[in-house]
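S.K.: So you can see what is in the structure, the chains are spelled out below.
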Amino acid sequence: MSIRGVNIHIDQLKHRYSAKSPLTFDGVSLQSPPGEVLAIIGRSGCGKSTLLHILAGLLQASGGTVRLDEEVVQKPSPHWVMMFQAPHLYPWMKVAQNVGTGLRFAGWKEARIRERVEEAIRLVDLEAHADNNVQDLSGGQQQRVALARSLVMEPELLLLDEPFSALDAFTRSALQRDVRSIAKRLGFNVVIVTHDIDEAVIMADRAVIMAGSPGRIMTELEVDLPDPRERHDPAVQAMRTRLMDAFQDAAQGKSGPKGNEAAQEAIAANEPQAAGQHG
Amino acid sequence: MSGGATMSGLDFTAAGAALKSSGRNLANFVGGLAILLAFWWLGAYLLASNPQTASFSTFGPIPTFQAFPELWANGKIQSAVMTSGYRLGLGLLIAIAIGIPVGILVGRSKRFRELSNSPFQFLRMISPLSWTPVALFVFATWNQSIIFLIAVASVWPVIYATSAGLAKVDPAWFKVARNLGATPWQMLTKIIMPAITFDVLTGIRLALGVAWVVIIPAEFLGVTTGLGYTIQDARETLSYNNLTAMVLTIGIMGYILDSLCVFLIKRYSWQRGAG
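One line per chain: the protein sequences are A and B, in this order.
Just so you know, the first sequence maps onto residues 133 to 411 in our numbering.
Just so you know, the second sequence maps onto residues 345 to 619 in our numbering.
Everything hinted at is true.
The following residues of chain B were derived to be distant from chain A, with all beta-carbon distances above 10 Å: (1) P407; (2) V425; (3) L434; (4) V606.
With a Cα cut of at most 25 Å, we get these calculated BS3-like pairs of lysine-lysine: (5) K226(A) with K519(B); (6) K512(B) with K226(A); (7) K454(B) with K534(B); (8) K454(B) with K152(A); (9) K519(B) with K146(A); (10) K226(A) with K610(B); (11) K226(A) with K534(B); (12) K207(A) with K534(B).
Honestly, the hints are just simulated from the structure, not real lab data.
Backbone N, C-alpha and C fix where the C-beta goes; we use that ideal spot for every residue, glycine too.
Looking at chain A on its own, in the form it has when it is part of the complex (with noise of 0.2 Å):
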């Protein structure tokens, strides 16, 4: 697979659900270098899920602008694959068929999509799997078809909408690390939305934290640990203590909103890489 990552660009972005509803977010201004993983913390009603599905193009914002490198999104694209809450495979496809649904919606031909399944089934450890009906898996196996669903269409950005809310503690854990893992070995990005502070020390370069009504972004940190993560590691617990004072801090008030110098900074750092690789 030949997956690259994108700059994406979130310029004053607002959202509200219909005119007479209140603004669900407002003024959301981020920006991710290509391959981090970026993850949007906040509580339940601060519009961090309305902000995924904006960056996936299944909902349009109010008002301001995404963009993926120089392209605005505007409508769903393969190149920007969302995973939910739940796998939501379809259960009349076996593994490999739900694997290869995208594919077969772009029009690829049998052989193709056949070799380009096994390697995503490969990807995400169910290769005995692959002939099987979803309908027999547990619930974390679901979770890697959807998994390898997204992964297959080499997506340069991939949307996680809390993707290991529903499971048990071990699958969870070991989903967080295999999606770490597989996009800094193929280099994509992805922006993970969740209220679990462990989840985003274990997997997430950066950490975003939104709050209040309508939501912003109050506070970011960076999550600089070495790889792989363990949750007893000491770093990884000194991490994980700063991000929950932080997310109190904000959920207090004590932190006005932000914009990410950070971000911007390592952007313009990976700008001409990025323009080189582009073109």
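Add chain B to chain A, keeping to what the hints say.
M.R.: Leaving out everything else, chain B in the frame of chain A:
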């Protein structure tokens, strides 16, 4: 070794359970039919033992079974089944061709659902046979009229089963498909249709039942072919054993068609425990 032994032990247990279940099904099938046959025989016996009704005794099982070889030899059964089957098949096909798209529209479009609710409920409650004069007015032949009556009667179960199936579909399946780049046509053929297969086939099964009920009285009128006509003809010629033989044929045909629907539901439905 022990694993293999356990596996073969499990296989043996499973095969035994399956055999037991098949045996029970067969016993129920035969037992149920035997009870029905006993009631039929008893009815005929009561008719025969009363001098006032003795002339109707050929309604009984033995004269009926005796009538079959002759009806088969002179081609009456085959001809009636083929003609009625053609009318039923065509009427049902029209109902399916109209019912599925309309059902999808009802299920997908709130505006269409709200707008169509009153007229559809009104039309649905009109007895199909009451359309007969209108059908005769509109269509040139009785044959076409009967096909129309079958279509009118059987379109509603298909529409409502399709829309009900669509209402149960996980909306996230559409979101995922859009996310993966599905065109509207792919959404229809690759997501919507497979998702609602079970409900559509169940609707077709119900429609088949309705069509089968409608076709017999519809064939009492005007036509000189088909199962309904053959029954009418047997009544007029006082051939009660032929009449009962044709009624039995209707029952057997209905049973076979319904079993075919159940088979298709089991074969093409992804829902566990379907059928």
